[in-house]
Structures are given as C-alpha cells and as structure tokens.
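> These are the residues of each chain, in order.
2 protein chains.
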Amino acid sequence: MEATLCELAGRLNDWDRILVLSHRSPDGDTLGCASALCRALIGLGKQVHFACADPVTPRYAFLFEGLTFPDFEPEHVVTVDVAAPDLLGTLKETWYPRVEMCIDHHATNSMEAPLRYVDSHAAAACEIIYSLLCEMKAQITPEIADCLYAGVSSDTGCFKYQNVTPQTYRIAANLVELGAHGAEINRRFFDTKTRARVEMEKRVYDTLHDYFGGKCACVSITDQMKAEAGAGEDDADGLASLPRQIEGVLVGVTLVEKAGEGYKISLRAIPPVNAAEIAAVFGGGGHAGAAGCKINASLEQAEEQIVAAVGRWLEEHGL
Amino acid sequence: MEATLCELAGRLNDWDRILVLSHRSPDGDTLGCASALCRALIGLGKQVHFACADPVTPRYAFLFEGLTFPDFEPEHVVTVDVAAPDLLGTLKETWYPRVEMCIDHHATNSMEAPLRYVDSHAAAACEIIYSLLCEMKAQITPEIADCLYAGVSSDTGCFKYQNVTPQTYRIAANLVELGAHGAEINRRFFDTKTRARVEMEKRVYDTLHDYFGGKCACVSITDQMKAEAGAGEDDADGLASLPRQIEGVLVGVTLVEKAGEGYKISLRAIPPVNAAEIAAVFGGGGHAGAAGCKINASLEQAEEQIVAAVGRWLEEHGL
Numbered sequence: 001m002e003a004t005l006c007e008l009a010g011r012l013n014d015w016d017r018i019l020v021l022s023h024r025s026p027d028g029d030t031l032g033c034a035s036a037l038c039r040a041l042i043g044l045g046k047q048v049h050f051a052c053a054d055p056v057t058p059r060y061a062f063l064f065e066g067l068t069f070p071d072f073e074p075e076h077v078v079t080v081d082v083a084a085p086d087l088l089g090t091l092k093e094t095w096y097p098r099v100e101m102c103i104d105h106h107a108t109n110s111m112e113a114p115l116r117y118v119d120s121h122a123a124a125a126c127e128i129i130y131s132l133l134c135e136m137k138a139q140i141t142p143e144i145a146d147c148l149y150a151g152v153s154s155d156t157g158c159f160k161y162q163n164v165t166p167q168t169y170r171i172a173a174n175l176v177e178l179g180a181h182g183a184e185i186n187r188r189f190f191d192t193k194t195r196a197r198v199e200m201e202k203r204v205y206d207t208l209h210d211y212f213g214g215k216c217a218c219v220s221i222t223d224q225m226k227a228e229a230g231a232g233e234d235d236a237d238g239l240a241s242l243p244r245q246i247e248g249v250l251v252g253v254t255l256v257e258k259a260g261e262g263y264k265i266s267l268r269a270i271p272p273v274n275a276a277e278i279a280a281v282f283g284g285g286g287h288a289g290a291a292g293c294k295i296n297a298s299l300e301q302a303e304e305q306i307v308a309a310v311g312r313w314l315e316e317h318g319l
Numbered sequence: 320m321e322a323t324l325c326e327l328a329g330r331l332n333d334w335d336r337i338l339v340l341s342h343r344s345p346d347g348d349t350l351g352c353a354s355a356l357c358r359a360l361i362g363l364g365k366q367v368h369f370a371c372a373d374p375v376t377p378r379y380a381f382l383f384e385g386l387t388f389p390d391f392e393p394e395h396v397v398t399v400d401v402a403a404p405d406l407l408g409t410l411k412e413t414w415y416p417r418v419e420m421c422i423d424h425h426a427t428n429s430m431e432a433p434l435r436y437v438d439s440h441a442a443a444a445c446e447i448i449y450s451l452l453c454e455m456k457a458q459i460t461p462e463i464a465d466c467l468y469a470g471v472s473s474d475t476g477c478f479k480y481q482n483v484t485p486q487t488y489r490i491a492a493n494l495v496e497l498g499a500h501g502a503e504i505n506r507r508f509f510d511t512k513t514r515a516r517v518e519m520e521k522r523v524y525d526t527l528h529d530y531f532g533g534k535c536a537c538v539s540i541t542d543q544m545k546a547e548a549g550a551g552e553d554d555a556d557g558l559a560s561l562p563r564q565i566e567g568v569l570v571g572v573t574l575v576e577k578a579g580e581g582y583k584i585s586l587r588a589i590p591p592v593n594a595a596e597i598a599a600v601f602g603g604g605g606h607a608g609a610a611g612c613k614i615n616a617s618l619e620q621a622e623e624q625i626v627a628a629v630g631r632w633l634e635e636h637g638l
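Chains D and L are the protein sequences, given in the same order.
Following this note's numbering, the numbering of the first sequence begins with 1 at its first residue and continues without gaps.
Following this note's numbering, the numbering of the second sequence begins with 320 at its first residue and continues without gaps.
The set of hints was computed from the structure by calculation and includes no laboratory data.
There is no bait here: all hints are sound.
In silico BS3-like links for lysine-lysine, alpha-carbon gap of 25 Å or less:
(1) K193/D to K512/L
(2) K215/D to K512/L
(3) K545/L to K202/D
(4) K202/D to K512/L
(5) K521/L to K202/D
Pulled from the structure, derived: some chain L residues nowhere near chain D, Cβ distances all over 12 Å:
(6) N332
(7) A372
(8) F383
(9) H395
(10) K456
(11) F531
For every residue, glycine included, the Cβ atom is placed at its ideal position computed from N, Cα and C.
Assemble the whole structure, with the sequences as input and the hints as a guide.
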C-alpha cells in the first residue's frame with residue numbers, strides 16, 4: 001500500500017520524537033532531505049534526531065550547520081532517499097524493523113514500511129520533501145530552501161542528467177524565491193576544486209588510455225597518486241566522471257586502487273550503452289548511466305579485463 | 320526612449336526582410352537569441368537573414384542546423400545581446416546606422432536605436448527573446464526552445480552565476496516543456512571535453528601561480544601550448560574559468576597570448592570582488608564577475624602588472 005503526500009503530512013504534523021535516517025555513503029540528496037526535514041520538524045516544535053551509518057563528509061557539512069540533536073528514545077522512524085534496507089548500513093539491524101515512513105524516488109525501492117511514498121518521477125527525493133513541507137504548511141526558511149536545493153542540484157548533476165523535468169526547474173525557482181543560494185550551491189558542488197583535486201586531475205589525465213577508436217576511455221587512480229597530490233576521499237570524489245566527459249566516449253572507466261583488494265571499477269556510460277550490464281559481468285551493478293564492480297587483479301590485468309568486457313558489449317550491440 | 324515588449328512584438332509581427340545581428344566573438348546567448356528569433360520569424364513566413372562579424376564556432380553550430388538564409392536587401396535591422404556599437408565588429412560601419420531594434424540585457428548598453436529594449440534583470444538575453452516570442456504569439460518549436468535554452472544555460476554558466484533569478488528557472492521549465500533538450504545541452508556545454516581540451520587543461524594547470532595567500536590564482540595560455548595540444552579556439556574556450564574554480568580563490572586571472580599584441584587578460588571574480596573595476600585599470604571592462612583587458616607586454620610583465628592591480632584592489636577593500 002502506498003501512502004499519499006497528504007497522509008504523510010498529517011502523520012508528521014501529529015508525530016513527535018522523530019528519527020530521520022539517510023542512506024550509507026550519504027550524498028547531497030539524502031542529506032538535503034534529512035537536514036531539510038529535521039529543520040522543518042524542529043521549526044514545528046518537535047524533537048528530532050538524525051542518523052546515518054557513515055559520517056557526513058565536509059562537502060555536505062553546511063547542510064547541518066546550526067542543527068543540534070538532543071538525545072531521546074525515538075517514537076517514529078522515517079527514511080529519506082533510502083532505496084533498500086541494506087542501504088541503511090550498520091543502522092539496518094536496529095532501525096529497519098521500526099521504519100514507519102519511507103520517502104524515496106528510486107523506482108527499484110524495496111523498503112517495507114507502513115507508510116511508503118515512492119515517486120520515481122522526482123529527479124531528487126528533495127523534490128518530494130519540498131512538496132511534503134508545502135502540504136504540511138511547514139515554514140520553508142532560507143536554510144531549508146538551501147538544503148532542498150542542494151539535493152536537487154546534486155541528484156541532477158546541476159541539471160545535466162536526463163531525470164530533470166519541468167517540475168524540477170519550477171521547484172528550483174520556488175526554492176530560490178524562498179531564499180536558497182542556488183548559484184553558490186551549484187558553484188560549491190560543481191565548480192570548486194581543492195588544489196589537491198587539481199593535482200589529482202593532472203595525474204589522472206596522465207593515465208588516460210583510449211580504446212575502440214575513442215568509444216571507451218580508461219583512467220586509473222592509485223594510492224601513490226593520492227599521496228603525491230595530498231588528496232583525501234573528498235578530493236577524489238567525482239573523478240570517475242572525467243573519462244566519460246571526453247568527446248566521443250560512450251563508456252568511461254575508472255580503476256581505483258583498493259589496498260589488498262585489487263581495483264574498484266567505476267563505469268559511466270552514455271545511452272545506448274548500459275553500464276550496469278557491463279558491471280554485472282564481474283558481479284557488480286548499478287544504473288544504465290553509472291555502475292560499478294570490483295576486480296581483484298593487478299592494474300594492468302584489471303584494465304585488460306574490464307576493457308575486454310566493454311569491447312564485447314559494444315560489439316554485441318553493433319557499436 | 321525605451322520600447323515595451325509589446326511594441327517590439329507588434330513591429331516584428333508587421334515587418335519583413337529582417338536582418339538579425341549577433342555580437343562579435345559570438346557566445347551561446349547572442350547566437351541562441353539570433354537562431355531562435357530567425358526560426359520564429361521564418362515560421363511566421365518572413366524573409367530573414369543573420370550576420371555576425373565572426374564565424375559561428377563548431378560548439379554552437381547546432382543552433383543554426385537546418386536554417387538557410389536567402390539573399391535580400393534588409394528593410395529592418397535587429398541586434399540581439401549587442402551591448403555596444405563596437406561589438407558589431409566589422410559589421411558596425413555598414414549596419415550600425417541602420418539598427419532599428421536593439422534587444423539586450425547588459426546594464427551598460429550604449430547602442431542607439433529607435434526601438435531599444437534593455438532588461439538588465441534578465442540573466443540571458445534569451446530570456447527576453449522567450450518573452451518576446453510569447454508576446455508575438457509565435458510558435459515556439461522544440462528547435463526554438465533548444466536555441467533559447469542554450470542561451471540561458473550559457474549565460475548563467477549552467478545556473479552557477481549570480482545573475483540567475485526565479486524567472487530564469489521558470490523560463491527553463493517552460494522551454495523544457497516545449498521540447499528543449501536541457502540536460503543534453505548542459506552536458507554538451509559544461510560536461511564534454513575534446514581530447515585537445517584535456518591536453519590544454521593539463522598544460523594550463525602547469526602554469527598555475529598562487530598570490531595573496533591563495534586569494535588570486537593566475538594561469539597563462541600561449542600559442543605554443545595550443546600548438547602542442549592541437550587545440551583550436553573552441554578547445555581554449557572557457558579555460559578562463561579554471562583558476563577561479565580553485566577553493567579559496569577570489570580572483571582568477573588568465574593571460575592569453577595574442578600574437579604581436581601582448582596578452583588578453585580574463586578576470587573571473589567571486590563577490591565581493593569586482594573584476595570590472597580591476598580590468599578598468601588597464602582600459603578594459605565587463606561585469607563584476609567576469610571582465611577583461613589587454614596588456615601589451617611580455618608574459619612575465621603582464622602577469623606582474625595584472626597581479627599588482629588585483630593586489631591593490633584586495634588591499635583597498637580590506638580583503
């Protein structure tokens with residue numbers, strides 16, 4: 001049974017002592033949802049807590065600025081942008097049985113909860129939270145508008161992904177009108193590089209190999225490169241999109257060294273190529289546009305194996 | 320005397336044999352305006368011609384796809400996104416005296432024309448053309464929507480500049496609803512690099528110098544670098560935004576070699592820094608966020624002079 005937005009709004013307005021959960025390895029959308037919802041509920045005078053299996057990285061820390069969460073025993077548990085129980089990570093065991101409301105935009109959502117609201121037409125789960133707060137007649141402060149805008153911007157790659165709809169732009173318009181710093185948030189997410197990041201990009205480009213007449217481009221990231229560039233995890237974030245950005249590339253492959261476990265492979269594809277199908281060859285998965293897998297081998301062997309799989313996919317599909 | 324949008328619409332609906340002019344070194348906004356307006360006027364059965372002092376680069380060629388312009392003696396001349404007579408370049412002498420309608424969004428517009436419409440609140444001149452076509456009740460085909468979206472996206476740096484307003488997003492929503500391929504256009508403009516561009520970025524990063532504790536970053540682009548990277552003008556386009564992208568940088572400076580004329584300087588600034596005021600020291604100009612000037616000197620001397628001017632501005636403003 002799916003709930004309506006009106007039902008969710010009614011419950012949240014009635015409830016108190018609410019725990020909001022984000023998915024593990026949290027991104028801008030799940031954190032934008034959680035921070036916006038927590039702020040709005042606090043604004044309504046409720047006790048609220050937030051939890052996530054992994055820490056909030058510095059990139060997203062601003063979403064939670066000024067928020068403090070008191071200790072209390074939650075009465076109601078809400079998940080935002082969490083597509084499957086496993087994505088609760090280490091929080092699954094304690095909290096999944098008690099999830100009462102699940103708000104998400106993944107078509108594949110497999111969460112069970114008394115109140116489920118999954119709108120796969122929403123480019124970002126933050127679009128749903130925006131509509132929910134309107135339905136609740138909660139005040140959308142400039143801080144809340146920033147959190148929601150951050151989610152919309154993150155999950156659409158700054159309006160570059162196919163998931164963007166006219167509604168996405170209309171919500172962005174309303175959020176900016178409510179005080180969201182849209183331009184700053186987009187610059188922060190998509191147009192700001194640390195010096196370590198610049199050093200990483202130079203090194204990553206030096207590893208660039210072309211295959212199949214330029215339809216596939218492959219780069220690698222080793223621990224040594226990170227050390228030389230003085231790069232942390234945040235600085236390496238998003239580097240997987242570099243090879244796919246090159247003109248004519250249909251599949252971008254990034255091999256990232258995982259100490260003692262070979263290489264983590266990120267695949268980024270442009271339609272009609274399906275990255276998830278290529279990743280599945282090595283037991284991985286994901287979406288058509290972005291997928292991943294692991295290959296426990298040397299860099300040369302891992303690159304050879306994944307490139308061979310890309311080649312087979314391209315050949316089988318006449319590309 | 321400023322005209323109203325209604326007046327412009329009435330004239331354009333009445334006129335025939337119209338010449339539309341873009342500014343020299345044409346960008347996505349002036350070309351988006353021109354291609355959209357030409358397509359709409361042709362759709363209304365009129366004879367239309369387009370001219371620009373400089374060629375349309377491959378980056379923007381898709382805006383004019385399928386458009387053909389017959390030869391005829393123009394009866395009416397319209398400029399789009401042209402802020403000053405000199406920006407007509409080599410077309411100034413012949414056509415400036417005959418400009419009848421000037422449509423622009425630069426607050427500094429100095430064009431004289433019987434019908435002037437300058438809306439400096441519009442992030443892109445394409446926002447004005449969108450409203451104008453609505454006022455004209457012209458059909459906005461998917462091709463026209465693409466042209467207008469391209470202008471909006473270009474002139475806002477994919478919704479990253481301060482000039483974006485709620486109206487910008489609402490127009491983007493309407494354009495996407497009318498068939499604009501927003502995500503593809505944003506990817507094409509902001510997420511696609513030629514291999515020569517990648518080679519240029521590597522070389523440009525190698526020239527990176529920091530000043531004033533990282534508040535100013537400076538890079539240079541020489542003809543030799545372009546030759547080594549196999550880069551054309553398109554491949555060097557937008558490189559001026561690289562130094563400003565680095566975390567903590569308030570002023571990004573890019574020096575581009577101009578054979579026999581020293582260096583063209585591009586300044587990109589983050590509020591509260593005003594790039595136009597710094598460029599004015601060397602007789603240049605522009606906006607607060609993006610400005611330019613020329614310094615006829617060696618690379619070392621030009622860098623020293625512009626950096627000194629940046630330093631003075633920062634000091635005078637206590638930054």
